[in-house]
Amino acid sequence: MLEFSQQLINGLSLGAIYALIALGYTMVYGIILLINFAHGDIMMVGAFVGFYSITLLGSNIVAAMIFAMIACAILGVVIEKIAYRPLRNSTRIAALITAIGMSLFLEYATIFLLGPQQKVFPQSAFPLQQYEIMGLLITNKDIFIIVSAVVLMIILQFIIKQTKTGKAMRAVSVDREAAVLMGISVDKTISITFAIGSALAAAAGVMIGVYYNTVNPLMGIIPGLKAFVAAVLGGIGLIPGAMVGGFVLGILETFVSGYGSSLYRDAVAFGVLILILLIKPTGLLGKNTGEKV
Amino acid sequence: MLEVKEIDVYYGAIHALKGLSLKVEQGSIVTLIGANGAGKTTTLKTISGILRPQNGTVTYKGTDITKVLPEKIVGLGISQVPEGRRVFSTMSVLENLEMGAYLRKDKKEVRRDIQSVFGRFPRLGERRKQISGTLSGGEQQMLAIGRALMARPELLLMDEPSMGLAPLLVKEIFEIIKDINSQGTTILLVEQNANMALSIADRAYVLETGEIVLQGPSEQLMKSAEVKKAYLGG
Ligand SMILES: Nc1ncnc2c1ncn2[C@@H]1O[C@H](COP(=O)(O)OP(=O)(O)OP(=O)(O)O)[C@@H](O)[C@H]1O
Ligand SMILES: [Mg+2]
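Heads up: the protein sequence lines correspond to chains A and B, in order. If you read the first sequence in my numbering, its first letter stands for residue 1, the second for the next number, and so on. If you read the second sequence in my numbering, its first letter stands for residue 1, the second for the next number, and so on.
Where hints are given, some of them may not hold.
Simulated crosslink set (PhoX-like; lysine-lysine; CA at most 20 Å straight-line) [said to hold, decoys possible]:
#1 B:K105 with A:K164
#2 B:K72 with B:K18
#3 A:K164 with B:K72
#4 B:K129 with A:K164
#5 A:K161 with B:K72
#6 A:K141 with A:K161
#7 B:K129 with A:K188
Don't read these hints as lab results, they were simulated from the structure.
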């Protein structure tokens, strides 16, 4: 039982990270039906911004996360404007290929500018502390990750459900033309969606940096793919789906590597993807109707 | 109040509107009738700015709005109840009405207007929290009308509001249109239900394959042999 609870905590941390990244995938898909393959790389940029805010500016972890979120919000808006907007009325495959190109661009531009080596956080950046609660070992990293992820998700829910901007985002994703007839600017709404999704990815990037103590230019690829699986698992285009999918995948992965073998860890995500596509392509929370959400 | 002058609208190679002109006087109900594919929806979409005419102009209250962005046209006082209702199906009744008031800043007045929509359509009031995709067709049409009214339009464009509704409900919808008009909103009504449309309209235009073939006061068109034969079932 103790072992189980311990694994659950590890799974929650990992799941929180997947969920944050998955949210960006799903929000962007919900509004422009694009799988933004550069999303994991935006997360990587966020991790680097966090890294340099800590090592160069000496900021604390919360400030680093806020810097990373602001920087990536801007990056996401710029990427949408220069790379995706011109293709908005072309085929979906053209946009998808552009997204893959953007992903490679971000990876190799980072390697070009900062070198391919991984960078290690100084120990002083986030001194590890362990707490024992009823026999469970919890680190301050786990607490930081889970608490900040939950706070961000609550803020996101508030924006989406309660604010005018959030309602406009939902309106555009349901029916773009009808939204325009209400006076909603589709361009502005899509920009805001990219800003929010990218900021969440940046937060996840800083968390991953904290979790593994390192950052590197290709660190976005695997978590990006897994978060994509999480988004599909929950139901792509559905915000609660991304959260559920992220946590389910994180917990599943932790249990497989804890009880089985860590060799299978990465296979889990892709096994899940294949299963979900075979059994319920609309995802755990998806309704079995049509393609659009 | 609105003047559409010799507009040509294309979908790729398809010439959907061929030099179409029409006028809507302030305070009136004008109807545009015609068969499937005549170009009625295209006309309304062009007025709302969703489609751009290749030639010709749309003038509203003396200003040329041909090149104004669609999201800005609402702010000028032109709202549309689109064909097929197009409510935001995953959002609640209340949220749909809030979206109708998207550009308005006067929160208090918006809340009052929501109450007056519920006064006009009590069934929407009872279902304010319901997800609009689960409303009946008639309720969705009422929501689409209520949503458009939330912008406080001076000119309301309505695209086949009676489509797919039971006869009793059709009557109700036409009563509502008359009532909206009597409270000062000018109406451009697109209909296939020519009988009903002509009975409430001041003026009518008949559209055939992208061209206006007949126009005049409604009573006059109602008596015209041509209209009787083609649109009034004898
Ligand atoms: N998106 C589009 N792409 C290509 N052709 C279109 C498009 N929309 C409409 N058309 C064509 O333009 C013409 C006019 O269509 P429109 O929808 O305006 O007709 P309508 O009078 O509203 O018909 P209905 O009564 O069936 O709604 C039709 O021939 C139609 O096929
Ligand atoms: Mg039509």
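A quick look at each hint next to the structure:
1. Distance restraint check for K105 (chain B) and K164 (chain A): the Cα-Cα separation of roughly 11 Å lies within the 20 Å cut-off, and the hinted pair is therefore satisfied.
2. Taking the CA atoms of K72 (chain B) and K18 (chain B), the gap is near 26 Å; set against the 20 Å cutoff, the hint is violated.
3. Restraint check: the Cα-Cα separation between K164 (chain A) and K72 (chain B) comes to about 17 Å, which is no more than 20 Å; the hinted pair holds.
4. This hinted pair checks out: K129 (chain B) and K164 (chain A) have alpha carbons roughly 17 Å apart, not beyond 20 Å.
5. Proposed proximity of K161 (chain A) and K72 (chain B) is contradicted: the alpha carbons are some 25 Å apart, above 20 Å.
6. Note on K141 (chain A) and K161 (chain A): the hinted pairing is violated, with a Cα-Cα distance of about 30 Å set against a maximum of 20 Å.
7. Distance hint between K129 (chain B) and K188 (chain A) is unfulfilled; the C-alpha atoms sit about 28 Å from each other, more than 20 Å.
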